[in-house]
Amino acid sequence: MLNNRQELQTLRVELKKALDKQTKKILVCAGTGCIAGGSLQIYDRLCELMKEKNLPYTVELEVDPHDESIGTKKCGCHGFCEMGPLLRIDPQGWLYTKVKLEDCEEIIEKTILNDELVERLAYKKNGEVYPKQDEIPFYKRQTRVVLENCGHINADSIKEYIAIGGYTAFEKALFDMNGDEVVKVIKDSGLRGRGGAGFPAGIKWETVRNTPAEKKYILCNGDEGDPGAFMDRSIMEGDPHRVLEGMMIAGVATGANDGYIYVRAEYPMAVARLKNAIAQAEEMGLLGDNILGTDFSFHVHINRGAGAFVCGEETALIASIEGERGFPRVKPPLTVHKGLFGMPTVPNNVETYANVAQIINKGADWFNSLGSKGNSGTKAFALTGNIENTGLIEVPMGTPLREIIYDIGGGCRGGAEFKAVQVGGPSGGCLTKEHLDMPLDYDSLKAVGAIIGSGGLVVMDEHTCMVEVARFFMNFTQNESCGKCVPCREGTKRMLEILERLVEGKGQPDDIDTLSELAEMIIDTAFCGLGKTAPNPVRSTIKYFRDEYEAHINGTCPAGSCQKLKKITIDPELCKGCSKCSRVCPVGAISGKVKEPFVIDQQKCIKCGACVSSCNFHAIKEA
Amino acid sequence: MNQKFDFSAVDKIFAANSNDPKAIISILQEIQEHYHYLPQEVFPYMAEKLGISEAKAYSVATFYENFSLEPKGKYVIKVCDGTACHVRRSIPILERLRSELGLSESKKTTDDLLFTVETVSCLGACGLAPVITVNDKVYPAMTPDKASELLKTLKEDAANA
Numbered sequence: 011m012l013n014n015r016q017e018l019q020t021l022r023v024e025l026k027k028a029l030d031k032q033t034k035k036i037l038v039c040a041g042t043g044c045i046a047g048g049s050l051q052i053y054d055r056l057c058e059l060m061k062e063k064n065l066p067y068t069v070e071l072e073v074d075p076h077d078e079s080i081g082t083k084k085c086g087c088h089g090f091c092e093m094g095p096l097l098r099i100d101p102q103g104w105l106y107t108k109v110k111l112e113d114c115e116e117i118i119e120k121t122i123l124n125d126e127l128v129e130r131l132a133y134k135k136n137g138e139v140y141p142k143q144d145e146i147p148f149y150k151r152q153t154r155v156v157l158e159n160c161g162h163i164n165a166d167s168i169k170e171y172i173a174i175g176g177y178t179a180f181e182k183a184l185f186d187m188n189g190d191e192v193v194k195v196i197k198d199s200g201l202r203g204r205g206g207a208g209f210p211a212g213i214k215w216e217t218v219r220n221t222p223a224e225k226k227y228i229l230c231n232g233d234e235g236d237p238g239a240f241m242d243r244s245i246m247e248g249d250p251h252r253v254l255e256g257m258m259i260a261g262v263a264t265g266a267n268d269g270y271i272y273v274r275a276e277y278p279m280a281v282a283r284l285k286n287a288i289a290q291a292e293e294m295g296l297l298g299d300n301i302l303g304t305d306f307s308f309h310v311h312i313n314r315g316a317g318a319f320v321c322g323e324e325t326a327l328i329a330s331i332e333g334e335r336g337f338p339r340v341k342p343p344l345t346v347h348k349g350l351f352g353m354p355t356v357p358n359n360v361e362t363y364a365n366v367a368q369i370i371n372k373g374a375d376w377f378n379s380l381g382s383k384g385n386s387g388t389k390a391f392a393l394t395g396n397i398e399n400t401g402l403i404e405v406p407m408g409t410p411l412r413e414i415i416y417d418i419g420g421g422c423r424g425g426a427e428f429k430a431v432q433v434g435g436p437s438g439g440c441l442t443k444e445h446l447d448m449p450l451d452y453d454s455l456k457a458v459g460a461i462i463g464s465g466g467l468v469v470m471d472e473h474t475c476m477v478e479v480a481r482f483f484m485n486f487t488q489n490e491s492c493g494k495c496v497p498c499r500e501g502t503k504r505m506l507e508i509l510e511r512l513v514e515g516k517g518q519p520d521d522i523d524t525l526s527e528l529a530e531m532i533i534d535t536a537f538c539g540l541g542k543t544a545p546n547p548v549r550s551t552i553k554y555f556r557d558e559y560e561a562h563i564n565g566t567c568p569a570g571s572c573q574k575l576k577k578i579t580i581d582p583e584l585c586k587g588c589s590k591c592s593r594v595c596p597v598g599a600i601s602g603k604v605k606e607p608f609v610i611d612q613q614k615c616i617k618c619g620a621c622v623s624s625c626n627f628h629a630i631k632e633a
Numbered sequence: 003m004n005q006k007f008d009f010s011a012v013d014k015i016f017a018a019n020s021n022d023p024k025a026i027i028s029i030l031q032e033i034q035e036h037y038h039y040l041p042q043e044v045f046p047y048m049a050e051k052l053g054i055s056e057a058k059a060y061s062v063a064t065f066y067e068n069f070s071l072e073p074k075g076k077y078v079i080k081v082c083d084g085t086a087c088h089v090r091r092s093i094p095i096l097e098r099l100r101s102e103l104g105l106s107e108s109k110k111t112t113d114d115l116l117f118t119v120e121t122v123s124c125l126g127a128c129g130l131a132p133v134i135t136v137n138d139k140v141y142p143a144m145t146p147d148k149a150s151e152l153l154k155t156l157k158e159d160a161a162n163a
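Line by line, the protein sequences are chains P and C.
Read in order, the letters of the first sequence correspond to residues 11 to 633 in the working numbering.
Read in order, the letters of the second sequence correspond to residues 3 to 163 in the working numbering.
Derived by calculation from the structure, the hints in this document are not laboratory data.
With a cut-off of at most 27 Å between alpha-carbon atoms, the simulated DSS-like pairs for lysine-lysine come out as follows:
hint : chain 1 : residue 1 : chain 2 : residue 2
1    : P       : K341      : C       : K24
2    : P       : K108      : P       : K135
3    : C       : K139      : P       : K108
4    : C       : K148      : P       : K108
5    : C       : K24       : P       : K225
6    : P       : K84       : P       : K34
7    : P       : K456      : P       : K443
8    : C       : K80       : P       : K108
9    : P       : K631      : P       : K605
10   : C       : K58       : P       : K494
11   : C       : K24       : P       : K285
12   : P       : K348      : C       : K24
13   : P       : K110      : C       : K148
Sequences are here, hints too, so could you generate the full structure?
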């Protein structure tokens, strides 16, 4: 239990010394992705082997260690999930990819005992070997600020966080600054909300600070519901103390004494790591009453979501914490005036809070030096879909899309041609080839009808049908519509019906116009952000891929993806008349005379494709 | 109604949440963790104990996707149909699981209460798409064939258990 500032500072020096005694480190990725690949078994095996060989290894920092040791840690997500399970070796900075249980022995023998690289585990691309993590093209172009600790420290250890300088910003805010000064730094830094709309965080903090009330709350939105986004999950799992520290600083700045973190039910490990982090901070006396001997008290509570996308909307989220159905409510009153339990509340998301400590430590000017004008700092993106390197990345705001897709992402999978990228999930829009050189930041995206959203980037190639993508998102929002307002509940339903018939080849000539009209109406009249943004994917795909919509109305899918619009034909030149296809056809649509070309009755054909795979002569083609 | 319903587990959950009606979502989550669904007997009891209306309790339980008023199978299989999984072809996996187990969009649980198959919007494991989970264990980079294999293993596990 730390009673004052001096004790914290002394402990930090001691822990730093202890960390320096770990002259070698094995960092096993314990993010959701790598765990699924078996990383925890790898961790256990490594420890077991080192024990057998009597190697000095440590799993947790202890003050005043006698000897040098091998720090062995379960750390947060390294980001390169595609290549998992991942293992980092320090001080060399090597990254081992796709590590298997069988590799453990060799890693200990060669790398730990003899400082040799196990070359087969290093990342390779185009015949070149990249042993060092920082030199891998995927990492080289990234700037890691928010994710700097993810993959570098034990995610479950407050001691390691303190050893690398954690809670210094909180200390500074608590002892060396007053609330106004903290608010000013955040305002000057230009930090904008990382959860979607990009509203300046400093203005929210200032308003809550200046609103008199008996209680105030700090709310952390970890209800990262956009399909294809997992930045916040990785931060909560990989560096939970950083999120807490950001919330505590917000508490100092606004005079709030309670913080709530609302985490999606689908992220059980994030909940576990946060709970552990809170317990550790309480035990140390960094959370609780009269922290470090001051009159500042702060408590953090965790609420688990229960599977409602709309709860990512702040007023719905608040209703959910209060034990109600997750319905949004009308604003005003604004959350900063009357939020949680009717009190002034700071609503920010996980990534926003994760930026705070560094801004306090390094200053507003430093933060402004990253990113583009009016869009300071970095942004974490989840890069997924049909792309070579999927994973979690972080780049300065304003990085051109091309750099992300090609330099970091390595282009589309299997060399396919890039077609579009969906940003901002079901509330966002798509960017196409013409936007490749556009800087990716709040303002540029807004100008072309998309939003940064929480930061999911789903890449689509030439084989992806954009009408189907629009249908997919509409299906999602329609399912997640809470039902409170008619435009969203009924309007998205009607839009979905039209999209469904388009992908089935039953489109009607005026469908595009009807979709556009419905979209405008919903945007103008829906109650909350979910409804107002629900038509965005349809609007942007109509804008950039109108020809695909028209083609569907005319009965073809240019990407060749919509099953119902496929036309399966037999090439009479190649057909040997073996009759095999007519026997596999489940609906008897294929007929002909043996040893003469067979034909498919298009009226009967259900496009199942069974004949295509049955033909030994590649005579049957889908188009 | 079943008169013999044992409320002792539920009582413990209420007590752990200080009988606070504001904690209703946590309470429902814990009850569901205990029974794997929300038994209907719980609702009138909860209404009385927490001092809320039964309608309120139902309204919250039916609003959130995660709550189930019907019993679920021993193995709850969730097929991720988030964007990343969808574009990497998650639907054929779902179709294979459903056809092998005789399930559909409306019938989610097998009659022997062994399997429940449902979809989930995004598990946040997009780097490994397409993924499915069985009782929260993540299986990465799935295919319809791998899903069939997995079902076979689970059935064997159940038979040996």
